[in-house]
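Using the sequences and the hints given, assemble the complete structure.
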Amino acid sequence: MKKLISFLKQPSSWFLALVILLAAGAVTASLVLVALEMHGWYSYIVYALAALFFAYGIYLIAVCAKKIKRDVLAWLKKFRFTRRLVEDFGFRTMVFSAMSFLLNVGFAVFEGILAIIGHSVWYGALAIYYLVLSVMRFCVVIFGAKTPKEDIDKRNKIYLDSGAALFVLTLALSAAVVQMVLYDKAFRYAGVMIYAAAAYAFIKITLAVRNLAKARKYDDTVVQSLRNINFATALVSMLGLQTALISAFSEGGDMRYMNAVTGGAVCFIIAGMGLFMVVKAILSAKEKEDGRQ
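Numbered according to the working numbering, the sequence shown spans residues 7 to 299.
Each hint should be verified, as a subset may be incorrect.
What the hints assert, rightly or not - Heads up, simulated SDA-like pairs for lysine to any residue below, C-alpha to C-alpha not over 20 angstroms straight-line:
no.	residue 1	residue 2
1	160	75
2	73	149
3	75	116
4	160	149
5	72	54
6	294	98
7	286	101
8	160	116
9	223	98
10	160	145
11	210	108
12	15	91
13	220	294
14	210	244
15	210	116
16	155	288
17	294	164
18	72	89
19	220	93
20	155	167
Don't read these hints as lab results, they were simulated from the structure.
So this is what it looks like as structure tokens:
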């Protein structure tokens, strides 16, 4: 019994995976029974198993989190690509930015279709915004990958161009915000999709802020450029989410002032970030030039 209890407290990886699979299956079965309104004696057994496996699975994940992380990292480090992905923050930033390029292009196309169907300047401006950001991210990834880390001047030029583009791009975003406020336009999601959109937006802004803070400590202007672009995208996602939430849950009140304040704040932050990048790049180039002299 002592050996069994000890094993249940600190199980092996295969047993943890089995418990998670059983928990997922039992929870799914419970939801199916509820949806089909099946209330036989067997349903209570399924509910009990779902509660048991789910609670035990949460316990194991909490207790074995460090062990799981260690085992996963050890497995990833066996391969050259994943090892570099885990150990090199700059390389990880480049890879994830390249992967998100297609996602952002798809979202821009989606906004463009909505703009054409609904004759909406709001959706059209957002489509242009996401498309330009996608092109910016793509260019930074391509030129950053081609430019050696030792070539500080060229990497600083990429940072300067990214900041200038963010600053100019704020004009398109400002036009979208003005149109949204004047004509009371907003995102609209069908049914429960708004909750999925909310979860996605909050996860996106959380990761963007976290990675932005890490990029400040990473002395690579290309990585900082990509993280700043991701942060700008996350801010606009939060703005779109706010308009959708107000449209879905407000009781007919005039919420244009809140949209105006939030939209103005987002534009101000992105423009300020772009201006900061430009000034920082110019001062860095000047300091280097003075050092050469």
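Measure nothing beyond the straight line between the CA atoms of residue 160 and residue 116; if it is 20 angstroms or shorter, mark the hint as holding. With Cα atoms ~35 angstroms apart, residue 160 and residue 116 exceed 20 angstroms; violated.
Pair hint outcome, residue 15 versus residue 91 [Cα-Cα no greater than 20 angstroms]: Judged against 20 angstroms, a Cα distance of about 32 angstroms means the pair is violated.
Run the distance test for residue 220 versus residue 93: straight-line Cα separation, threshold 20 angstroms. The hint holds at about 14 angstroms.
Compare the distance between the alpha carbons of residue 160 and residue 149 with 20 angstroms, and conclude whether the hinted pair is satisfied. holds, 9 angstroms
For residue 286 and residue 101, compute the direct alpha-carbon distance and say whether it is at most 20 angstroms. Outside the cut-off at roughly 25 angstroms; violated.
For a C-alpha distance cap of 20 angstroms, please report whether residue 210 and residue 108 respect it. holds, 16 angstroms
Can you confirm whether the C-alpha distance between residue 73 and residue 149 stays at or below 20 angstroms? Cα-Cα ~39 angstroms, so violated.
Distance restraint between residue 72 and residue 54, which requires alpha-carbon spacing of 20 angstroms or less: violated, 29 angstroms
Agreement of residue 72 and residue 89 with the hint, judged by alpha carbon distance not exceeding 20 angstroms: Cα-Cα ~18 angstroms, so holds.
Residue 294 and residue 164: Cα distance at most 20 angstroms? With Cα atoms ~16 angstroms apart, residue 294 and residue 164 stay inside 20 angstroms; holds.
Below or equal to 20 angstroms on CA atoms is what counts here, so check residue 220 against residue 294. This hinted pair is violated, its Cα atoms lying about 25 angstroms apart.
Pairwise hint evaluation, residue 98 against residue 223, where the allowed Cα distance is 20 angstroms at most: The given pair, whose Cα atoms are some 15 angstroms apart, holds under the 20 angstroms limit.
Consistency note: the structure conflicts with the earlier hints numbered 1, 2, 3, 5, 6, 7, 8, 12, 13.
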